Amino acid sequence: MAYRLSELVERFGGELHGDDVVVEQVASMEAAGPHELVFVGDQKYLKQLDDTRAGAVVLTAATVDATSLPRIVSPNPYLYFARVAALLNPPARPRPGVHPTAFVDASAVVDASASIGPLASVGAHARIGANTVLEAGCRIGDGVNIGGDCRFYPNVVVYHGCTIGDRVVVHSGAVIGSDGFGNAWTGSEWFKIPQLGSVRIGNDVEIGASTTIDRGALGDTVLEDGVRLDNQIQIAHNVHVGRNTAMAACVGVAGSARIGANCMLGGSAMILGHVEIADRVNVMAATYVGKSIKKAGTYVGQYPVQSYDDWLANASHLRRLDGLATRLKDLERRVGKTDENK
Amino acid sequence: MAYRLSELVERFGGELHGDDVVVEQVASMEAAGPHELVFVGDQKYLKQLDDTRAGAVVLTAATVDATSLPRIVSPNPYLYFARVAALLNPPARPRPGVHPTAFVDASAVVDASASIGPLASVGAHARIGANTVLEAGCRIGDGVNIGGDCRFYPNVVVYHGCTIGDRVVVHSGAVIGSDGFGNAWTGSEWFKIPQLGSVRIGNDVEIGASTTIDRGALGDTVLEDGVRLDNQIQIAHNVHVGRNTAMAACVGVAGSARIGANCMLGGSAMILGHVEIADRVNVMAATYVGKSIKKAGTYVGQYPVQSYDDWLANASHLRRLDGLATRLKDLERRVGKTDENK
Amino acid sequence: MAYRLSELVERFGGELHGDDVVVEQVASMEAAGPHELVFVGDQKYLKQLDDTRAGAVVLTAATVDATSLPRIVSPNPYLYFARVAALLNPPARPRPGVHPTAFVDASAVVDASASIGPLASVGAHARIGANTVLEAGCRIGDGVNIGGDCRFYPNVVVYHGCTIGDRVVVHSGAVIGSDGFGNAWTGSEWFKIPQLGSVRIGNDVEIGASTTIDRGALGDTVLEDGVRLDNQIQIAHNVHVGRNTAMAACVGVAGSARIGANCMLGGSAMILGHVEIADRVNVMAATYVGKSIKKAGTYVGQYPVQSYDDWLANASHLRRLDGLATRLKDLERRVGKTDENK
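Protein chains in written order, with our numbering: chain A, 1 to 342; chain B, 1001 to 1342; chain C, 2001 to 2342.
Hints are computed from structural coordinates only; laboratory data are not their basis.
Model, not experiment: these values are computed from the prediction.
Each hint should be verified, as a subset may be incorrect.
What the hints assert, rightly or not - EDC-like cross-link-like pairs, simulated, lysine to aspartate or glutamate; straight-line CA separation at most 20 angstroms:
1) C:K2291 - A:D309
2) C:K2291 - C:E2276
3) A:K294 - B:D1322
4) A:K329 - C:D2330
5) C:K2044 - B:E1036
6) B:K1291 - B:E1276
7) A:K295 - B:D1310
8) A:K329 - C:D2310
9) B:K1329 - C:D2330
10) C:K2295 - A:D51
11) B:K1329 - C:D2309
12) C:K2192 - A:D166
13) C:K2192 - A:E224
14) B:K1295 - B:D1279
15) C:K2329 - B:D1322
16) C:K2329 - A:D322
17) A:K192 - B:E1276
18) A:K47 - A:E30
19) B:K1047 - B:E1036
20) B:K1295 - C:D2020
21) C:K2047 - C:E2036
22) A:K44 - C:E2276
Said to hold, decoys possible - Chain C is nowhere near these chain B residues, computed Cβ spacing over 12 angstroms in every case:
23) E1024
24) V1169
25) D1279
26) A1286
Said to hold, decoys possible - Here chain C is said to cover these stretches of chain B; the calculated rule only asks that three of the stretch's residues, wherever they fall, bring their Cβ under 8 angstroms from a Cβ of chain C:
27) 1010 to 1023
28) 1052 to 1065
29) 1135 to 1149
30) 1187 to 1200
31) 1329 to 1335
A virtual CB, placed ideally from N, CA and C, is assigned to each residue, including glycine.
Let the hints inform the model, and build the full structure from the sequences given.
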């Protein structure tokens, strides 16, 4: 597969400067060869252009004169580069049909263009849409409804009754629809609360490896269109995640939390149950959110790292910060008095 | 399935007020229809009773007059509701027997009433008890012993030699019996410590999706009866978890820690290795426990979230808290001296 | 299997004191019987020697006179014990060959001495080396290259094109080569960045249960020889982990971070993207590393646990630490002035 820069401009816009060369692949500045395209998204990488062996570059108007390489000017070089990368690297598609080693229940409805991989299984009355690929070892429960153009990597599990939209990508080991964690105390033991809801996932969602999404207790757990979840994220029962919200790896969202649209949660962020988070909230990595956030903005609660000795000296005071504050107040009172006594 | 309120009272106790109507399902206040039962566990949800279309409600004696709906009075409406939910929603049971696509070693002993799902595998000399269901893709190692009335959702893995009691529920992706993390340094490389113990799990335990429980190094890793683990929990080798202890998602318990009975660990709590935690200890979410806790009670170590600007202003002082404390002490000395000088 | 102490000394070095007895197994002090070997690595366990029923013990020269048991003196009793444990407990090996229920693509090359377990699958053009064991339900993608003497426990997934060295152990549920988390914002939605790199894993690496390792975006994600990863670790795209570095469970390493050789990361430590960590850095448990660490040493950022009441009193001041510092400075100014006024 190969494209002239002018062909890319025709597809994706932008402005061509220099020779109309052919590119066959995208690459990093360091690894690029003469038929490969690179990009400069940030001024600080500009100087790498002097050493790259790349054949062409995507950059912004502000930096167009920084090189004499064939180049495409775009307001968002990273996005432009991503579009070219996708064009040049369509995912390999297994052939349509049910692999002879897979098990599909007789009552399931699998579109003829879908592909069910080796040793996968599809339960009773499940529906698999057009062009959807379920790779080896996927487990689709009874009555699950999966849309078209989805891709499930090996060993994904979807429990009974869950609904998944179109163009959804799910990575290996992800579990969708497991029971929420609900237990009532009888006075001497736990009694499990049946989890009677389901999981509803919109279109254009991506779910990372080993991410778990519990079904609702009564209503459903919901991911709206365009949500992007990285690996090892935990979404508890009855959580609602708004459109286009993205979460980095290892985030935990506890039961019935409601996350707005267009939010970004950094890695290992942890959201308490029943909390509400407004649209366009950015929670930084390793931050615990124990109360609702009602205003867009960036929020953080990271404890800073130090050398062991420094930490030892400093952290001990955390346990008696209230004492420090009281002593300070007392001093202020006394010094104030001293001032008055003058 | 449908029950009159009087039939429920006969089974589960409580006191009927109003008409002896029929209920077919449980529901939330918002979604309930005329043949559905709701509950009010907390005063603050009482006013929702005015708008619900539910047919009946479970509530406490203190709130019995808040509605004219048919109602059952119980000291614990949440538990009562859970019992009714379980009665009305028995889990679907696959038919007994080994699915033709499953592989069961000839030396394994599978009770005739058990169900081994599609493409599951059961190793040599394993034993599977009466009415136990192993769903699609479960992997049961050699010599594993699983009791009766258990339910393992798809793609659960149990390593060789582990023992699991009766009525144990394990969710998809959970791994039981993987090697503990033990390495000895030779001076130039790591030498793996063979993990020769096993995992022993009692009765009435539930284990969440993608939770991992390592086998012991020499002795066993133990979960006592009634333990409840949510998703993505890590239990390291030789950990001992006491009866009825419940852990929310993403908790990590490091090697040889000993957690008492009836404890509750909040989401993402992290317990250091070799630590001992007494019975009835409640550790709040996102708290790191780096030392033993000898007394029942609630413990916490959460760093509070703030807006980015506020955090920036405040957190910088954490790195020099010791300096602040020294300056305060010095001021106290000087102001004290000033007082003496008067 | 049984060895005289003198035979062990011949293999592993050390110095025999007392009778040349036979040992058949290793054990803990409490559980050991007369044909079992124990070890004392730390002085504080010395007194347990009085009660043990063990047949022999490994200890250091400094403690050789603490018991009259048959004993082997070694500078590193823990390592010595581990070597004996490995000798006495070779892992059970399934017989070579492809299990009849497994699926191996016709173009894959599986060494005749390798073992492919029940219901496992191996993709096109994959290569599986000599004596490697893939247990039940493993999913090996197209073009994957796995070396010799590896052991993959059930339900491991390796995506297409990844490369794995010799003597690599991977535990159940681990996912190697899933897509890195890369999304460009179009102004109205996320556009997925194709992840075109791969994962390269060296020799003698161990990877824990449910650990996930993403493939690189352009270049590769790399684990060098001897790396040891515990369970539920997340390694993002383009991370580079140096030789012999060990990470405890639940660690998260964000994209393009570069971790040096011989580092140790404690449980739940979290490393920010693009950060560089020098060789021989020890990061303690539950610590967030948000900036590069250029010097070997021990680093920590743990928030201390307290009783709920104490925490409530203290933590509130964290949100206005800057105010406290300002007031302190102000007092210093005033008290200083007072001194000058004297």
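Hints, one by one, checked against the model:
For the proposed pair C:K2291 and A:D309, the alpha carbon gap of about 18 angstroms is at most 20 angstroms, so the pair holds. Between C:K2291 and C:E2276, the direct Cα distance comes to roughly 8 angstroms. Compliance with the 20 angstroms bound is thereby established for this hinted pair. For the proposed pair A:K294 and B:D1322, the alpha carbon gap of about 35 angstroms is over 20 angstroms, so the pair is violated. With a CA separation close to 12 angstroms, the supplied pair A:K329 and C:D2330 stays within the 20 angstroms bound.
Only pairs whose Cα atoms come within 20 angstroms are accepted, and C:K2044 paired with B:E1036 is rejected, the gap being roughly 63 angstroms. Among the hinted pairs, B:K1291 with B:E1276 is consistent with the structure: their alpha-carbon atoms are about 8 angstroms apart, no more than 20 angstroms. At roughly 15 angstroms between alpha-carbon atoms, A:K295 and B:D1310 fall within 20 angstroms of each other, so this suggested pair holds. This hinted pair checks out: A:K329 and C:D2310 have alpha carbons roughly 19 angstroms apart, not beyond 20 angstroms.
Proposed proximity of B:K1329 and C:D2330 is supported: the alpha carbons are some 15 angstroms apart, at most 20 angstroms. A C-alpha spacing of about 30 angstroms is found between C:K2295 and A:D51, which places the hinted pair above 20 angstroms, so the restraint is violated. Between B:K1329 and C:D2309, the direct Cα distance comes to roughly 25 angstroms. Violation of the 20 angstroms bound is thereby established for this hinted pair. Of the supplied pair hints, the one linking C:K2192 and A:D166 holds, its CA atoms being roughly 15 angstroms apart against a limit of 20 angstroms.
Distance hint between C:K2192 and A:E224 is fulfilled; the C-alpha atoms sit about 17 angstroms from each other, no more than 20 angstroms. Restraint check for B:K1295 and B:D1279: the C-alpha separation of about 8 angstroms stays at or below 20 angstroms, so the hint holds. Restraint check: the Cα-Cα separation between C:K2329 and B:D1322 comes to about 15 angstroms, which is no more than 20 angstroms; the hinted pair holds. Between the alpha carbons of C:K2329 and A:D322 the distance comes to roughly 18 angstroms, so the proposed pair stays at or under 20 angstroms and holds.
About 27 angstroms separates the Cα atoms of A:K192 and B:E1276, which puts this hinted pair outside 20 angstroms; it is violated. Pair hint A:K47 plus A:E30 holds up; C-alpha atoms about 12 angstroms apart against a cutoff of 20 angstroms. For the hint linking B:K1047 to B:E1036, the alpha-carbon distance of about 18 angstroms falls within 20 angstroms, and the restraint holds. For the given pair, B:K1295 sits about 48 angstroms from C:D2020 by alpha-carbon distance, which is inconsistent with the 20 angstroms threshold.
Restraint check for C:K2047 and C:E2036: the C-alpha separation of about 18 angstroms stays at or below 20 angstroms, so the hint holds. Restraint check: the Cα-Cα separation between A:K44 and C:E2276 comes to about 18 angstroms, which is no more than 20 angstroms; the hinted pair holds. For B:E1024, the non-interface assignment is confirmed: its Cβ lies about 39 angstroms from the closest Cβ of chain C, beyond the 12 angstroms cut-off. The beta carbon of B:V1169 sits about 18 angstroms from the closest Cβ of chain C, which is more than 12 angstroms, so the claim that it is off the interface holds.
Listed as outside the interface, B:D1279 is consistent with that label: its C-beta sits roughly 16 angstroms from the nearest C-beta of chain C, beyond the 12 angstroms cut-off. Remark: the non-interface label on B:A1286 conflicts with the geometry, its nearest Cβ contact in chain C lying 9 angstroms away (cut-off 12 angstroms). With 0 residues having a beta carbon nearer than 8 angstroms to a beta carbon of chain C, the stretch 1010 to 1023 of chain B misses the requirement of three or more and the stated coverage is violated. Counting residues of the stretch 1052 to 1065 of chain B whose CB lies closer than 8 angstroms to any CB of chain C gives 0, which falls below the minimum of 3, so the coverage claim is violated.
Counting residues of the stretch 1135 to 1149 of chain B whose beta carbon lies closer than 8 angstroms to any beta carbon of chain C gives 4, which meets the minimum of three for the stated coverage. Check on the stretch 1187 to 1200 of chain B: 7 of its residues sit with their Cβ under 8 angstroms from a Cβ of chain C, so the three-residue criterion for coverage holds. Counting residues of the stretch 1329 to 1335 of chain B whose beta carbon lies closer than 8 angstroms to any beta carbon of chain C gives 3, which meets the minimum of three for the stated coverage.
Checked against the numbered hints given earlier, the structure breaks hints 3, 5, 10, 11, 17, 20, 26, 27, 28 and satisfies all the rest.
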